[in-house]
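The listed protein sequences derive, respectively, from chains A and B.
Each residue of the first sequence is one higher than the one before, starting from 1 at the first, in my numbering.
Each residue of the second sequence is one higher than the one before, starting from 1001 at the first, in my numbering.
Careful, some of the hints might be misleading.
[Claimed, not checked] Per label pair, the in silico range of CB-to-CB distance:
1) B/Lys1303 / A/Ala10: 21 to 27 Å
2) A/Gly132 / B/Arg1014: 38 to 44 Å
3) A/Gly132 / B/Ser1335: 55 to 61 Å
4) A/Ala10 / B/Leu1027: 49 to 55 Å
5) B/Leu1023 / A/Asp181: 44 to 50 Å
6) B/Arg1389 / A/Gly237: 30 to 36 Å
Don't read these hints as lab results, they were simulated from the structure.
Computed from a predicted structure; not experimentally measured.
Don't be surprised by glycine CBs; every beta carbon is placed ideally from N, CA and C.
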Amino acid sequence: MIEVHDVRKAFGAVQALGGVSFTARDGQITALLGPNGAGKTTLLRTLVGLLERDHGSISVGGVDPAKDPMAVRRDIGFLTDQFGLYERLTTREYLDYFGELNGMQRTSLRTRIAEVSELLGMDDILERRTKGFSQGQRIKVALARTLLHRPRHLLLDEPSRGLDVMSTRALRTALTALRADGCCVIMATHVMQEVTALCEDVIVIARGHTVAQGSPEELCRRTGIANLEDAFVSLVGTEEGIA
Amino acid sequence: MRSKLLVVFFKELRETLREKRTLSMLLLFTLMYPAIIGYVMHQMIDKNTRTEREGVELAIIGGAQAPTLVSQLRQKNVTINQVAPMSDEAIGALLHARKTAAVLRLSEDFVDNYSAMRPARIELWFDSAAENGPQRRQIEEILQAYGSNIASARLLAHGVSPAALSPIQVQRYDTGTNASRSAMVIGGIIGILFFPAFMLTMSAAVDSTAGERERRSLEVLMAQPAHSWELVCGKWLAASVPAIVGVTLELLLAHALLAWLPLEEIGMSWSLGWGQMLLVCLVTAPLSLLSAALYIALAMNAKSFKEAQTMLSFVMIVPLIPGFAVSALELKTASWMYLVPTLSNHTLLKELAKSSELGALPFVLTFLSSLVPALLVAAFAAWRMKSERYVLAV
């Protein structure tokens, strides 16, 4: 469970987060919607303790990332919006590296890599060096890395970008499996279809503020618009008018 | 569970070793500098011992007119080659072919002038572009001595003491001992042996900081449950390894070469043993640590590999400055020199080449002069990586 209450963060004169509050429950996939520049990256970085908030409270599984970032990070799988692989390492070596950084043993790592690889359908690239991987292959490797240490919380920034149909389905299966395991998943995305298909809960943020939280149906009902995309635009648009 | 620092260390080292450029640089520097030094020393020895080895070859035209001169030359171990009269061009060609150190030409009226006590002309032809200065000087000295002998004999015949010709007497004393001369020459040249400590750390240091930032993998790494000091120190130590290995091999190779070369032939000494050389290698290891720490602290702030490389190529010159300053100002070795990184290593090796009696202090100072700043810079880099300003820029 991730609980965020009135979190604010300013960089000099720029107010990146002006008051974000939400609750993401275990066993649910929570969508994080927001236009570019809404403060999603800042929010996710604050959740893993890379940035310190100016105001408010955060609890990731009962732990405050400002107080014990290491404990929070051990329990979080973080897929950033931009990421690079290490071109001179193979996929397995890449996964070994991050597994060991998360304190995993060599033997348990081997079995876990096999599991994750099967889940994401990436056995064919496991022993290859990551140089020259396609966008889809790169996302798979990065996703495998986030799932590797069995975190209870997942922060995924656009996990489905660049994936082909088969891989998207694999990702969906993986997310469903995580939900069934009782994980708390927060997924930033721009694909409304995915939100409707996967997410129980939606957080909409714009200009550093939480604009709305609720199930897709609730959001549609509140705005009186049947289509989630139109509802999202209307939520963001009206709120921007006020701010 | 392995420590996070070691996890980072081994991963970075593995990546570095998979890069061909790093390995070829390592090989190049390990071999290049000892080879340069070996070659230069060999050339010096060769040049200085040539006269002794080969003797002096001299061609004489019209030598029959001065049999005393010829026999005096022969006594001084000069190989005389009597040749027939030839044109100026032919003499030039003969000298150009380096068959002979010089050509003496006695004019045809030599005997007449000699008997009449007029200056009898002897032409000395030489090629100043040829590397036979010492041989030529020897011939000139013999000619000088021949001239003064005749003058003395003539003065005696007139009842004048030959001492009147030498109002002063110059006696030369050279206080430069073999060892101090050796220190000057070797001392200048061995400074370059420490330079690879600043070359071999660069690529790994830049790749694991600015490179990682450019490839956008740094944010993920920083979001892992590892402290920033563990990340920085792992990268720092991994970047130091190629330089420590390279410099150690290079120093040992240079030592083997200098110990093997017959330096005593040119009055020089290399009075180090293998044990001392290993100690020098040990106290030089922190120099690589310092350069890696410096590069990491600087390169982590660069946004791209290229930017970092440009910045560091300026920084790379800094360690050369103290060495140049000291040799330009001709400063005598002083204790403070053991406190300046690079200069301390250079001074230590220079003094050891001269004499083995140094004591432990210079070793300890040299070791610490690099290690302490290296630790401070690495701590600074770790502190910097933790700062919010840095996270934002990643």
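Comparing the hints with the structure gives:
no. : hint                             : in the structure
1   : B/Lys1303 / A/Ala10: 21 to 27 Å  : holds (24 Å)
2   : A/Gly132 / B/Arg1014: 38 to 44 Å : violated (19 Å)
3   : A/Gly132 / B/Ser1335: 55 to 61 Å : holds (56 Å)
4   : A/Ala10 / B/Leu1027: 49 to 55 Å  : holds (53 Å)
5   : B/Leu1023 / A/Asp181: 44 to 50 Å : holds (45 Å)
6   : B/Arg1389 / A/Gly237: 30 to 36 Å : holds (34 Å)
Checked against the numbered hints above, the structure breaks only hint 2 and satisfies the rest.
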